[in-house]
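Start counting at 1 in the sequence shown, then tack on 1017, and there's your number in this note's numbering.
None of these hints come from the bench; they were simulated from the model. All values reported here derive from a predicted model rather than from experimental measurement. A few of these clues could be false.
[Unchecked claim] When the alpha-carbon atoms are kept at most 25 Å apart in a straight line, the in silico SDA-like pairs for lysine to any residue are as follows:
| no. | residue 1 | residue 2 |
| --- | --- | --- |
| 1 | Lys1354 | Thr1390 |
| 2 | Lys1268 | Ala1308 |
| 3 | Lys1426 | Gly1447 |
| 4 | Lys1072 | Thr1218 |
| 5 | Lys1120 | Gln1061 |
| 6 | Lys1387 | Asn1287 |
| 7 | Lys1060 | Gln1079 |
| 8 | Lys1072 | Asn1056 |
| 9 | Lys1344 | Val1417 |
| 10 | Lys1167 | Ser1082 |
| 11 | Lys1426 | Ser1358 |
| 12 | Lys1268 | Ser1359 |
| 13 | Lys1268 | Glu1213 |
| 14 | Lys1407 | Gln1264 |
| 15 | Lys1138 | Tyr1162 |
| 16 | Lys1167 | Val1216 |
| 17 | Lys1060 | Lys1230 |
| 18 | Lys1387 | Gln1278 |
| 19 | Lys1387 | Ala1456 |
| 20 | Lys1138 | Ala1123 |
| 21 | Lys1201 | Arg1336 |
| 22 | Lys1421 | Ala1308 |
| 23 | Lys1391 | Arg1336 |
| 24 | Lys1053 | Lys1167 |
| 25 | Lys1230 | Pro1145 |
| 26 | Lys1354 | Glu1452 |
| 27 | Lys1201 | Gln1141 |
| 28 | Lys1391 | Lys1230 |
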Amino acid sequence: CLAKVLAISTMNSHASYPSTKSTKGRGPLFPWGAEKTVNLILKQTVIPYLEISAKGDCTITQRVSYCYGAIECLHLLLKNPNRELHLEYMDHIGIDNTTQLSKHAAAILAPLVVDVLPDGKENQQINPLRKRTLDAISHFWEWSYESFEKGQQASTHATDQSMAVLMSSQCMAAALNALSVLRKSKAQKDQNDSYEIDVSTVARILQAMVQNKGLRIYQPKFLYILTLLCLAYPNACARHWHLFLEQSAVKESPLISVLEQSTAALGSHNFEGNSWIALPSSLRATSSLVAAMPLSLWISGEGRPSMRISGGNLSLRVRNALLITLKCIFDLMSAIKVRLSSSECLSNTISSSHASMEIVMMQISELASKLCTKISFNGENSVLLEPASKLVQCAGHIYVHSAKTIATKAFTSKSELENTLLFKAMSSFGNFIIECLGASTSGTRFPLCSVPSGNWLSDA
1018 CLAKVLAIST MNSHASYPST KSTKGRGPLF PWGAEKTVNL ILKQTVIPYL EISAKGDCTI
1078 TQRVSYCYGA IECLHLLLKN PNRELHLEYM DHIGIDNTTQ LSKHAAAILA PLVVDVLPDG
1138 KENQQINPLR KRTLDAISHF WEWSYESFEK GQQASTHATD QSMAVLMSSQ CMAAALNALS
1198 VLRKSKAQKD QNDSYEIDVS TVARILQAMV QNKGLRIYQP KFLYILTLLC LAYPNACARH
1258 WHLFLEQSAV KESPLISVLE QSTAALGSHN FEGNSWIALP SSLRATSSLV AAMPLSLWIS
1318 GEGRPSMRIS GGNLSLRVRN ALLITLKCIF DLMSAIKVRL SSSECLSNTI SSSHASMEIV
1378 MMQISELASK LCTKISFNGE NSVLLEPASK LVQCAGHIYV HSAKTIATKA FTSKSELENT
1438 LLFKAMSSFG NFIIECLGAS TSGTRFPLCS VPSGNWLSDA
């Protein structure tokens, strides 16, 4: 009942009902404030209930049934207030372009202001509700996947087990999204690990979730959670890069695997398969993970004894992972180039395949741009220069081909032109080229641009 009340009261009133003088401008759960709502619903009801149910001896079906409403309450209080406006879009590609922090999420996670000091600075203390909330979400999320795995091993897979994983994942995504927004704001100061999510545990479970064939349909959601985890805890996530990017003869990389399978799907025009659907989320997660990794320290191009860890030379392992990633991106861009040579790319009819291709091109350009501008290509890293230069070269070929093809056809309006896949390719890969040309590097033939783009210009 509480979850239903929250679902109605937190709804954007003018989105579903005509705006009236009596409802316009009113916040959620009027006349309650966020603090009172959180105290009555979360602190006094939901959190204690989840804590007690975690200790109880009940079946999976019973716990899912008992905890569904409580988890839904948590999700509604923590989620992005604008998420419902783009729910279908974001669930498909795993991207949230309207990141905001709700007042309820701030009341749960943000520090408490005790006083304002004479110099204007706030005297803050950690919100005690933060730890209890994050612990409750983490424990339920970990339990849901463990229960799913046990069901798989016993061949007793049930809908309740999948539902528990989905429920807990949505709640985890909402919490990480709120934490990432809070991290960017001035309200968030130094983090206390005892009041945070255990990133190590979450990362290991995420790796298993992404690779679990029984949960393949939810793969985009899990990759979206990985993106949010990197945004909320970039330093901690960087330490677990190997779980998602490192690949060898005996170890499969979850992110690289999706990139390879998606390239094959693009070649066979299979835009309905799980791999292609998960590709935008995989590209975004890879981009977020690469951004979190301190590559200037790990692969500076100079041998550093401090970079040796128990698993081997860190610089070598990271460099090999980047080589594989660059190759996968080049293969995917090459497949896109072949796809853009078809006549249907001049059509201004927006189909599902066109929409997914546009998203993929945007994400792959963003990832390629980060790799080509963030990596230092001196010393031992020179092995990365050729594959990185190929990305810029391929983007240039796509841009020129798109421009020449568009020039052969007369368009009746600007919107007709902008709706074609070739124009969208020009926009995406043109931005990638501009980013590379605008990244200055000293000590090179072309100091005003990145090394890969300078290498491409010299070849041209």
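Hints and how they fare:
With a CA separation close to 22 Å, the supplied pair Lys1354 and Thr1390 stays within the 25 Å bound. For the proposed pair Lys1268 and Ala1308, the alpha carbon gap of about 23 Å is at most 25 Å, so the pair holds. At most 25 Å may separate the alpha-carbon atoms for a hinted pair to count; Lys1426 and Gly1447 meet this at roughly 20 Å. Restraint check: the Cα-Cα separation between Lys1072 and Thr1218 comes to about 20 Å, which is no more than 25 Å; the hinted pair holds.
Under the criterion of a C-alpha separation no larger than 25 Å, the hint pairing Lys1120 with Gln1061 is consistent with the structure, at around 18 Å. Taking the CA atoms of Lys1387 and Asn1287, the gap is near 28 Å; set against the 25 Å cutoff, the hint is violated. With a CA separation close to 23 Å, the supplied pair Lys1060 and Gln1079 stays within the 25 Å bound. The hinted pair formed by Lys1072 and Asn1056 meets the criterion: a straight-line CA distance of about 23 Å does not exceed 25 Å.
Distance check on the hinted pair: Lys1344 and Val1417 sit about 22 Å apart at the alpha-carbon level, within 25 Å; holds. A threshold of 25 Å between alpha carbons decides the hint, and for Lys1167 with Ser1082 the separation of about 19 Å falls inside it, so the pair holds. Proposed proximity of Lys1426 and Ser1358 is supported: the alpha carbons are some 14 Å apart, at most 25 Å. For a cut-off of 25 Å, the pair hint linking Lys1268 to Ser1359 is broken: about 37 Å separates their Cα positions.
About 30 Å separates the Cα atoms of Lys1268 and Glu1213, which puts this hinted pair outside 25 Å; it is violated. The hinted pair formed by Lys1407 and Gln1264 meets the criterion: a straight-line CA distance of about 22 Å does not exceed 25 Å. For the hint pairing Lys1138 with Tyr1162, the CA-to-CA distance comes to about 43 Å; that exceeds 25 Å, so the pair is violated. Our distance criterion of 25 Å between C-alpha atoms is met by Lys1167 and Val1216, whose separation comes to about 23 Å.
Using a Cα cut-off of 25 Å, the hinted pair Lys1060 and Lys1230 is violated, with the two alpha carbons roughly 37 Å apart. A distance of roughly 22 Å separates the Cα atoms of Lys1387 and Gln1278; the hinted pair therefore holds under the 25 Å criterion. For a cut-off of 25 Å, the pair hint linking Lys1387 to Ala1456 stands: about 10 Å separates their Cα positions. Of the supplied pair hints, the one linking Lys1138 and Ala1123 holds, its CA atoms being roughly 19 Å apart against a limit of 25 Å.
Distance hint between Lys1201 and Arg1336 is unfulfilled; the C-alpha atoms sit about 30 Å from each other, more than 25 Å. A distance of roughly 34 Å separates the Cα atoms of Lys1421 and Ala1308; the hinted pair therefore is violated under the 25 Å criterion. With a C-alpha separation of about 13 Å, the suggested pair Lys1391 and Arg1336 falls inside the 25 Å cut-off, and the hint holds. This hinted pair does not check out: Lys1053 and Lys1167 have alpha carbons roughly 40 Å apart, beyond 25 Å.
A hinted pair counts as satisfied when its Cα atoms are at most 25 Å apart, and Lys1230 with Pro1145 does not qualify at roughly 38 Å. Using a Cα cut-off of 25 Å, the hinted pair Lys1354 and Glu1452 holds, with the two alpha carbons roughly 20 Å apart. Only pairs whose Cα atoms come within 25 Å are accepted, and Lys1201 paired with Gln1141 is accepted, the gap being roughly 17 Å. Only pairs whose Cα atoms come within 25 Å are accepted, and Lys1391 paired with Lys1230 is rejected, the gap being roughly 34 Å.
Consistency note: the structure conflicts with the earlier hints numbered 6, 12, 13, 15, 17, 21, 22, 24, 25 and 28.
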